Amino acid sequence: MDTEEKTLVEILEENNLIDLAKYINYVSASQAGAIATFSGTTRDTFEGKTVVELRYEAYVPMAIRQIKSICSSARSSWDIHSIAVAHRLGAVPVGETSVFIAVSAVHRTDALDACKFLIDELKASVPIWKKEVYSNGEVWKENSEFMERKMELGNTNGSCCRRNLKLETRGTKGCCGAKVKVADGVAEEISTIDAGTENNLKEFNTITL
Amino acid sequence: MVEVKAENTDGEPVGREGSSVSIKVLFFARARDITGLTDIQLEVSSGSTTSDCLNKLIARFPSLEEIRGCIVLALNEEYTTEAAIVKEKDELAIIPPISGG
Chain G
530 MDTEEKTLVE ILEENNLIDL AKYINYVSAS QAGAIATFSG TTRDTFEGKT VVELRYEAYV
590 PMAIRQIKSI CSSARSSWDI HSIAVAHRLG AVPVGETSVF IAVSAVHRTD ALDACKFLID
650 ELKASVPIWK KEVYSNGEVW KENSEFMERK MELGNTNGSC CRRNLKLETR GTKGCCGAKV
710 KVADGVAEEI STIDAGTENN LKEFNTITL
Chain A
21 MVEVKAENTD GEPVGREGSS VSIKVLFFAR ARDITGLTDI QLEVSSGSTT SDCLNKLIAR
81 FPSLEEIRGC IVLALNEEYT TEAAIVKEKD ELAIIPPISG G
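Residue numbers (my numbering), protein chains in the order written: chain G, 530 to 738; chain A, 21 to 121.
Derived by calculation from the structure, the hints in this document are not laboratory data.
Just so we're clear, the structure is a prediction, and the values are computed from it rather than from any experiment.
Backbone N, C-alpha and C fix where the C-beta goes; we use that ideal spot for every residue, glycine too.
It is possible that some hints are incorrect.
What the hints assert, rightly or not - Per label pair, the in silico range of CB-to-CB distance:
#, chain 1, residue 1, chain 2, residue 2, range
1, G, R572, A, Q61, 39 to 45 Å
2, A, K76, G, V623, 39 to 45 Å
3, G, N545, A, S40, 47 to 53 Å
4, G, R572, A, P82, 53 to 59 Å
5, A, K76, G, L546, 38 to 44 Å
6, G, S605, A, D72, 50 to 56 Å
7, G, K597, A, D59, 20 to 26 Å
Take these sequences, add in the hints, and give me the full structure.
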């Protein structure tokens, strides 16, 4: 019997770990021969600084709406079965997963390509923010994908995403200047672009059933 | 000046010229750090654009000028332009550069 196509989007409140198996099970289907997943985890350094943790916040109703829109976009571009996207809020210590995406499809090319698209688009347009906390300060991060996309965001009239966009992530300056601000004795660097998105990602897993 | 009570086709009164609208403004991330608030009610004149709202917010919180160049705006949970006109009870979000994932 065919399993129905499904989409699950969850924004998890603080201190809730992402249960990867739950989402993999969610997208599993007897007719889907491939499940592609992406897991984003907090890494321990950024530009030589030791990262203590990342702290996430979100405009939750809009984030959910935007992620669902991205999923629709993916469905129109690839032949996929089910999708699950989960994002944590609050503190995510080094090594833990902050975002998880699972996509199932009959064939692996659709699953893999759609999975990549989903994380790329999430980073470009979903209203979630992270603060990188070091031992001696903290800074709001800025995704280079967003900086590339932001001029278009208000002008897309509902069709949110572009497919197969090759993004130039090198050399993008932080907006509003990269100023260092000293507040209460803690040096705070404003507008740090997270240009090394490739490095920020953990493995891009594929499970083929 | 003669005041005319206008009604739309549903028989509900529409706003008279010169009236104001009240919207909710949400501040996130750096915008919240700057204003110290998560949200406020903002009253603007009827027919104001999101840009007009932003100007009024910057007048009230001058430090928002620092991030004006890099924020985007969302109206009722959808990205919008500075030319969009706000209505009564709209929700306007000030969205600094995002960093999900």
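- Message: Let me make sure I understand: some of the numbered hints might not hold for this structure. Which ones are they, in numerical order?
- Response: Those not satisfied are hints 3, 4 and 6.
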